[in-house]
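Here the protein sequences line up with chains A and B, keeping their order.
The numbering of the first sequence is my numbering, which starts it at 2 and goes up by one.
The numbering of the second sequence is my numbering, which starts it at 2 and goes up by one.
Fair warning: there could be bad hints in the mix.
[Unchecked claim] Computed spacing ranges between beta-carbons, pair by pair:
1. Asp228(B) / Lys336(A): 34 to 44 Å
2. Asn339(A) / Gly284(B): 40 to 50 Å
3. Gly284(B) / Ala125(A): 28 to 38 Å
4. Met143(A) / Gln147(B): 20 to 30 Å
5. Asn339(A) / Asp146(B): 54 to 64 Å
6. Arg181(A) / Asp185(B): 44 to 54 Å
7. Asp146(B) / Gln207(A): 32 to 42 Å
8. Ser61(A) / Asp146(B): 21 to 31 Å
9. Asp185(B) / Lys126(A): 28 to 38 Å
10. Thr154(B) / Gly187(A): 21 to 31 Å
11. Ser61(A) / Leu127(B): 31 to 41 Å
[To be verified] Derived, one-sided and incomplete: chain A residues facing chain B with beta-carbon distance under 10 Å:
12. Arg163
13. Asp199
14. Glu252
15. Gly284
Since the hints were derived computationally from the structure, they do not count as laboratory data.
Idealized CB from N, CA, C, for every residue including glycine.
There are 2 protein chains.
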Amino acid sequence: MTIRLPFRRFLFGTIYTSILVLFFSVTVFSQTTDPLPSWNTGPEKQAIVDFVHATTDSASPQFVPIAERIATFDQDGTLWVEQPLATQGFYCLSRVPALVAAKPELKDVEPFKTVLSGDRAAIAKLPMQDLEKLLMATLSGMTTDQFRSDVKTWLASARDPRWKRPYTELTYQPMQEVIRYLRDNGFKTYIVTGGGQDFVRVFSEQTYGIPPEQVVGSMGGVTYSHDANGKPVLIKEPKLVLNDNLAGKVEGIHMVIGRRPVAAFGNTPGDQQMLEYTKGGDGARLAMLVLHDDAEREYAYGPALGLPDVKMGTFPQAYYEMAIKNGWTVISMKKDWNRVFAFEK
Amino acid sequence: MTIRLPFRRFLFGTIYTSILVLFFSVTVFSQTTDPLPSWNTGPEKQAIVDFVHATTDSASPQFVPIAERIATFDQDGTLWVEQPLATQGFYCLSRVPALVAAKPELKDVEPFKTVLSGDRAAIAKLPMQDLEKLLMATLSGMTTDQFRSDVKTWLASARDPRWKRPYTELTYQPMQEVIRYLRDNGFKTYIVTGGGQDFVRVFSEQTYGIPPEQVVGSMGGVTYSHDANGKPVLIKEPKLVLNDNLAGKVEGIHMVIGRRPVAAFGNTPGDQQMLEYTKGGDGARLAMLVLHDDAEREYAYGPALGLPDVKMGTFPQAYYEMAIKNGWTVISMKKDWNRVFAFEK
Chain A
2 MTIRLPFRRF LFGTIYTSIL VLFFSVTVFS QTTDPLPSWN TGPEKQAIVD
52 FVHATTDSAS PQFVPIAERI ATFDQDGTLW VEQPLATQGF YCLSRVPALV
102 AAKPELKDVE PFKTVLSGDR AAIAKLPMQD LEKLLMATLS GMTTDQFRSD
152 VKTWLASARD PRWKRPYTEL TYQPMQEVIR YLRDNGFKTY IVTGGGQDFV
202 RVFSEQTYGI PPEQVVGSMG GVTYSHDANG KPVLIKEPKL VLNDNLAGKV
252 EGIHMVIGRR PVAAFGNTPG DQQMLEYTKG GDGARLAMLV LHDDAEREYA
302 YGPALGLPDV KMGTFPQAYY EMAIKNGWTV ISMKKDWNRV FAFEK
Chain B
2 MTIRLPFRRF LFGTIYTSIL VLFFSVTVFS QTTDPLPSWN TGPEKQAIVD
52 FVHATTDSAS PQFVPIAERI ATFDQDGTLW VEQPLATQGF YCLSRVPALV
102 AAKPELKDVE PFKTVLSGDR AAIAKLPMQD LEKLLMATLS GMTTDQFRSD
152 VKTWLASARD PRWKRPYTEL TYQPMQEVIR YLRDNGFKTY IVTGGGQDFV
202 RVFSEQTYGI PPEQVVGSMG GVTYSHDANG KPVLIKEPKL VLNDNLAGKV
252 EGIHMVIGRR PVAAFGNTPG DQQMLEYTKG GDGARLAMLV LHDDAEREYA
302 YGPALGLPDV KMGTFPQAYY EMAIKNGWTV ISMKKDWNRV FAFEK
């Protein structure tokens with residue numbers, strides 16, 4: 002086909018001009034926008050920016066093709082507040098009255114008896130096996146659809162004890178910026194949580210822009226069945242299929258993702274293997290650990306790490322020393338974040 | 002900012018013209034391109050096209066938001082040839098000599114002894130528990146990285162017994178077109194296979210454009226460990242974590258995807274629950290079953306279903322009758338596909 006010359010010139014001129022306009026818009030935009038405004042300038046912020054440049058610039062020797070750009074984030078204590086109890090713990094406690102109403106024989110059985118008493122000090126002292134019993138009892142027996150609906154209803158009205166806000170507002174703004182920055186640079190962002198996979202999937206899309214299929218977590222068993230109307234459903238069973246903590250995080254990553262992450266973010270020793278596994282791959286790798294050292298704006302339960310005003314918390318000093326030795330970047334909430342929550346000014 | 006008039010006119014005129022050019026290109030393109038050229042005209046092809054229109058047209062009462070557009074495909078017999086043996090079976094048989102070289106004590110133990118004899122009739126008669134032993138022995142003991150590399154090497158040189166071509170060329174062209182058509186319309190396409198998840202992940206991206214994280218399959222256990230150089234690795238264990246067949250397919254979908262699919266494709270009774278579960282959701286749903294009734298171009302091992310020239314195969318007639326009763330669309334290879342493989346003219 003021959004295109005008449007004036008039209009051809011017009012057409013190609015048009016496309017050329019559009020490309021020019023687009024090019025200048027992009028350039029101007031990228032020069033004026035800081036993708037991490039809640040981060041203070043320093044080596045920690047720089048480590049994130051350098052990693053993104055090294056892995057996404059096609060001229061870089063450490064370039065990573067888009068398909069392999071996988072980033073994994075622990076949730077409790079890494080993306081949102083986990084004190085005084087991980088949010089799912091509050092959810093499970095809230096389910097006990099309804100559970101006992103349905104099964105009155107549990108009224109005088111531990112740990113349900115203590116939970117019903119409302120005695121916070123006693124609840125905080127429940128032994129691990131009682132807590133497991135509580136998790137199993139409150140997270141099973143319903144269909145996956147019913148569970149999703151229960152969690153959604155609870156999240157809409159529950160408020161955290163300190164800020165009196167919905168739990169989903171207690172995400173760390175600087176980490177939200179990292180998630181978005183990585184995603185804007187072609188990374189597929191995953192949550193890899195010790196919490197329940199089904200629990201986190203209910204709100205991950207709305208809260209982090211991370212869809213349910215990109216949430217790896219502790220998995221309970223499910224059984225395929227049919228409801229009273231003959232509709233196929235899945236029933237949640239009191240059985241643990243995957244404990245997504247420690248080495249279980251790497252197993253979960255293999256089950257659901259099937260690739261070694263290029264970047265990983267955690268905060269507790271439960272994230273050690275995920276960070277090791279990530280850092281153990283070839284090329285540029287980013288492994289980061291959120292250190293809780295800000296009692297004023299959030300909580301301080303990490304080790305002091307030479308900061309004189311931080312009291313030793315629940316995590317061992319040795320863990321953070323190992324992190325630094327392994328080339329992981331330790332993020333100080335106090336020093337590196339100029340804002341913790343989006344609701345702050 | 003005030004833009005000088007001539008430049009402003011030029012700029013807006015340019016954008017307007019670009020939009021017009023783009024609009025006409027898209028219109029012309031969509032009018033002239035059939036997304037399913039290997040499908041014969043008929044109710045089966047129409048069912049696919051109607052489903053896509055109903056779920057992607059924002060004015061349709063059955064519109065499905067992009068995030069929820071999940072389509073799942075069984076692999077063996079649905080996306081590629083599964084006769085005379087599923088490809089992974091050939092792989093496992095090929096590994097026996099190396100396995101026995103490493104563990105000579107297996108030489109006189111069944112099923113390894115029979116496999117080493119090369120007696121095809123005897124191999125075909127091995128009981129199920131011997132086959133399981135064979136799968137466990139050849140699919141475990143190595144790191145996940147080593148396994149990936151072994152499978153890749155094997156696929157590069159292995160040829161199927163009938164067409165003498167790489168197995169990855171034996172995918173059904175009409176199904177490749179469905180995968181692409183759905184993907185072009187915002188669907189996330191998943192493989193949900195009874196075969197090994199790790200096995201299929203090796204070639205899914207190159208063969209179907211489906212990345213490893215969108216492959217659900219039978220899962221073996223893995224153990225987190227370190228190799229001789231201290232590099233963190235995963236070791237494949239002789240332990241089945243998920244048998245991704247029958248109700249296991251729905252469990253696997255829940256573990257990895259966490260959403261009910263909107264479209265599902267299968268061929269054997271092993272796909273029944275996945276198709277039921279898919280069809281059991283609200284709104285427009287597509288459930289399709291590939292019927293193998295074409296001995297000339299592929300194989301005939303489905304039931305006759307009233308086609309006088311097809312011999313009853315290995316799948317029960319009652320299964321296909323149930324499929325039709327449930328509103329699943331049965332695809333006849335012989336009648337509905339004008340081309341089976343891409344390598345045919």
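- Task: Of all the hints given earlier, name the ones this structure violates by number, lowest first.
- Result: Structure breaks hints 3, 4, 5, 6, 9, 11, 12 and 15.
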